[in-house]
Structure formats: C-alpha cells, structure tokens
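Colleague: As a plain string of letters, each chain reads:
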Amino acid sequence: AQKITQTQPGMFVQEKEAVTLDCTYDTSDPSYGLFWYKQPSSGEMIFLIYQGSYDQQNATEGRYSLNFQKARKSANLVISASQLGDSAMYFCAMREYFQGAQKLVFGQGTRLTINP
Amino acid sequence: DTEVTQTPKHLVMGMTNKKSLKCEQHMGHRAMYWYKQKAKKPPELMFVYSYEKLSINESVPSRFSPECPNSSLLNLHLHALQPEDSALYLCASSQVSRNTEAFFGQGTRLTVV
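Residue numbers (the numbering used here), protein chains in the order written: chain R, 1 to 116; chain P, 1001 to 1113.
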C-alpha cells in the first residue's frame, strides 16, 4: 500500500516570503503521480500541481513549484512570494490503483498561515 | 467547465431521516468519488465509480448508499445516520486514465442530530 507523510502540522510565514511544505511518500509502483491540493476554510479542495514519476523536470504552475527528489521519495511544494490568500490547509496526495480503479491517498496535511 | 457541483451545501438531518447528497460534473469524466472528511483530518475515500459501475467500496456502512444514474451524476443516499457521521462530504471526478488530477466539489457539510 502507498503512504504519504506530511510532517509539518502547521507553518507560519510572513507575507511575501517563500515557503516549502514537505511531503514524503512510499510506493512500490514504478509509475505514480503526486498531487498537491489546497483546502481553504470554505472546504473545497483546489488542485495546485501534479508531478509524474517519469517526469524529467520539476513541475511548476505560476507561484507553485514542486521540488521532486525521486531517490529521496520526496515531493515538496514551494510557494514563492506568499500572499495572505495562501492561508489554508495543504494536502499532498498520491494516486493508488486497486481492482482496476484508482483512488487518491492523502497525507495528514499542513495548515499554512500567512502573516501580514 | 472544470466544475463539480454538490448540493446541498449544508444539511442537518435527524437520525431517522432519509436524505440524499447530489454531485454533478460535465467534464466527461468517467470516474467519480465520494470522500468523507472529519474536522482537521484528510479526506477519506468512501466509494469509487468507474464507467458508472461501483469499483471500490471502502467498507462503508450500509446506511450510506451510493448511486451513479449516468456519467454526469453521483448520488449518496443517507438513512439512519449516527451523530458520528457528521462531516464534510466531498465529491470528486477525474478521467479514468492514469495520473490525472481529480476535481473536487465544494462539499456538503452534514450534521446529524
């Protein structure tokens, strides 16, 4: 079974600073995908960025980038120039395949607070 | 259109009530999911439908009954729930192919009294 670990329950960052949210994973599947989602207090899960196990380059989406270190099995999310609106819960997730279907397995999450 | 729409947004129900949660998407996705999320916890998978057929049931109690009437709709029928079933229920959809992102709805905040 796959496992996702986020070791930072909470982080506090000053506005405009960069922040790195940690995520490590464990899987025996050579083909896998890693996802980051943002969950504001409103509850919806917002997709941020995706990294495939065979991707040669780190994924980037605007202010979000993924620091993918395959040998270390880590997929850290980097948010550059943080904004007050970045305050939310952040989940790292991995797609797992089971009985011909797929399911998303989430880490415990990191609550990010951006201070003005 | 990358929206997954869930109704209602909030629901309060008694333990003897029968209610349904609804989820709709028009992205042509053939995989749809129900997740349950308790406060300060990650979402936990309940059910997966692939091509309108139930593919995964994560040992969910029978008081939760999913239904996928067509490729755009997903329902979750609720009956005789317990107070501990109070949670945020999230619906999601994705392509069936490997490693594509899932899109989530805003969720239904359910309170069982």
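Quick caveat, the hints were computed from the structure, so don't treat them as lab data. Yeah, the Cβ is synthetic: ideal placement off N, Cα and C, and Gly gets one too. Be aware that a few hints might be false.
Stretch by stretch, here's where chain P covers chain R in the computed footprint (C-beta under 8 Å, at least three residues) [claimed, not checked]: (1) 32 to 41; (2) 46 to 57; (3) 106 to 112.
Cut-off 30 Å, straight-line C-alpha distance, at most; resulting in silico cross-link-like pairs (DSBU-like, lysine-lysine) [unchecked claim]: (4) P:K1041 <-> R:K73; (5) P:K1018 <-> R:K3; (6) R:K16 <-> P:K1041; (7) P:K1018 <-> R:K16; (8) R:K70 <-> P:K1022; (9) P:K1053 <-> P:K1019; (10) P:K1036 <-> R:K73; (11) P:K1022 <-> P:K1038; (12) P:K1040 <-> R:K73; (13) R:K3 <-> P:K1038; (14) P:K1022 <-> P:K1036; (15) P:K1038 <-> R:K73; (16) R:K3 <-> P:K1053; (17) P:K1009 <-> P:K1041; (18) P:K1009 <-> P:K1053; (19) P:K1041 <-> R:K3; (20) P:K1053 <-> P:K1018; (21) P:K1009 <-> P:K1019; (22) P:K1041 <-> R:K70; (23) P:K1040 <-> R:K3.
Some chain P residues judged to face chain R by a derived CB distance under 7 Å, without partners named [claimed, not checked]: (24) V1012; (25) M1015; (26) V1048; (27) F1104.
Colleague: Compare the structure with each hint and give your call.
Modeller: Okay, the hints, checked on the actual structure:
1. For the region 32 to 41 of chain R, the stated coverage by chain P is satisfied: 4 residues place a CB nearer than 8 Å to a CB of that chain, which reaches the threshold of 3.
2. Here's how the region 46 to 57 of chain R fares: 4 of its residues keep a CB closer than 8 Å to some CB of chain P, so the rule of at least three is met and the hint holds.
3. Counting residues of the region 106 to 112 of chain R whose beta carbon lies closer than 8 Å to any beta carbon of chain P gives 4, which reaches the threshold of three, so the coverage claim holds.
4. Distance restraint check for K1041 of chain P and K73 of chain R: the Cα-Cα separation of roughly 23 Å lies within the 30 Å cut-off, and the hinted pair is therefore satisfied.
5. In summary, the hint linking K1018 of chain P to K3 of chain R is not supported, as the alpha carbons are separated by about 36 Å, beyond the 30 Å threshold.
6. Between K16 of chain R and K1041 of chain P the alpha-carbon distance is near 28 Å, which keeps this suggested pair within the 30 Å criterion.
7. About 49 Å separates the Cα atoms of K1018 of chain P and K16 of chain R, which puts this hinted pair outside 30 Å; it is violated.
8. Annotation: proposed proximity of K70 of chain R to K1022 of chain P is violated, straight-line Cα distance about 39 Å (limit 30 Å).
9. Between the alpha carbons of K1053 of chain P and K1019 of chain P the distance comes to roughly 22 Å, so the proposed pair stays at or under 30 Å and holds.
10. Distance check on the hinted pair: K1036 of chain P and K73 of chain R sit about 27 Å apart at the alpha-carbon level, within 30 Å; holds.
11. Between the alpha carbons of K1022 of chain P and K1038 of chain P the distance comes to roughly 19 Å, so the proposed pair stays at or under 30 Å and holds.
12. A distance of roughly 25 Å separates the Cα atoms of K1040 of chain P and K73 of chain R; the hinted pair therefore holds under the 30 Å criterion.
13. The straight-line distance between the Cα atoms of K3 of chain R and K1038 of chain P is roughly 19 Å, inside the 30 Å bound, and the hint therefore holds.
14. As the CA atoms of K1022 of chain P and K1036 of chain P are separated by approximately 14 Å, the hinted pair is consistent with the 30 Å bound.
15. Straight-line distance between C-alpha atoms of K1038 of chain P and K73 of chain R comes to about 28 Å, which keeps the hinted pair within the 30 Å bound.
16. Restraint check for K3 of chain R and K1053 of chain P: satisfied, since their Cα atoms lie roughly 26 Å apart, inside the 30 Å limit.
17. A hinted pair counts as satisfied when its Cα atoms are at most 30 Å apart, and K1009 of chain P with K1041 of chain P qualifies at roughly 19 Å.
18. Distance check on the hinted pair: K1009 of chain P and K1053 of chain P sit about 26 Å apart at the alpha-carbon level, within 30 Å; holds.
19. Between the alpha carbons of K1041 of chain P and K3 of chain R the distance comes to roughly 15 Å, so the proposed pair stays at or under 30 Å and holds.
20. Between K1053 of chain P and K1018 of chain P, the direct Cα distance comes to roughly 23 Å. Compliance with the 30 Å bound is thereby established for this hinted pair.
21. A distance of roughly 13 Å separates the Cα atoms of K1009 of chain P and K1019 of chain P; the hinted pair therefore holds under the 30 Å criterion.
22. For the suggested pair K1041 of chain P and K70 of chain R, the alpha carbons sit about 27 Å apart, so the restraint of at most 30 Å is met.
23. The straight-line distance between the Cα atoms of K1040 of chain P and K3 of chain R is roughly 19 Å, inside the 30 Å bound, and the hint therefore holds.
24. With a cut of 7 Å, the hint placing V1012 of chain P at the interface with chain R is violated, because the nearest CB-to-CB distance is about 16 Å.
25. A least Cβ separation of about 24 Å between M1015 of chain P and chain R goes past the 7 Å threshold, and the interface hint is therefore violated.
26. Satisfaction of the interface hint for V1048 of chain P is found here, the shortest Cβ-Cβ separation to chain R being roughly 5 Å, below the 7 Å cut-off.
27. Nearest Cβ of chain R to the Cβ of F1104 of chain P: about 4 Å, under the 7 Å cut. The hint holds.
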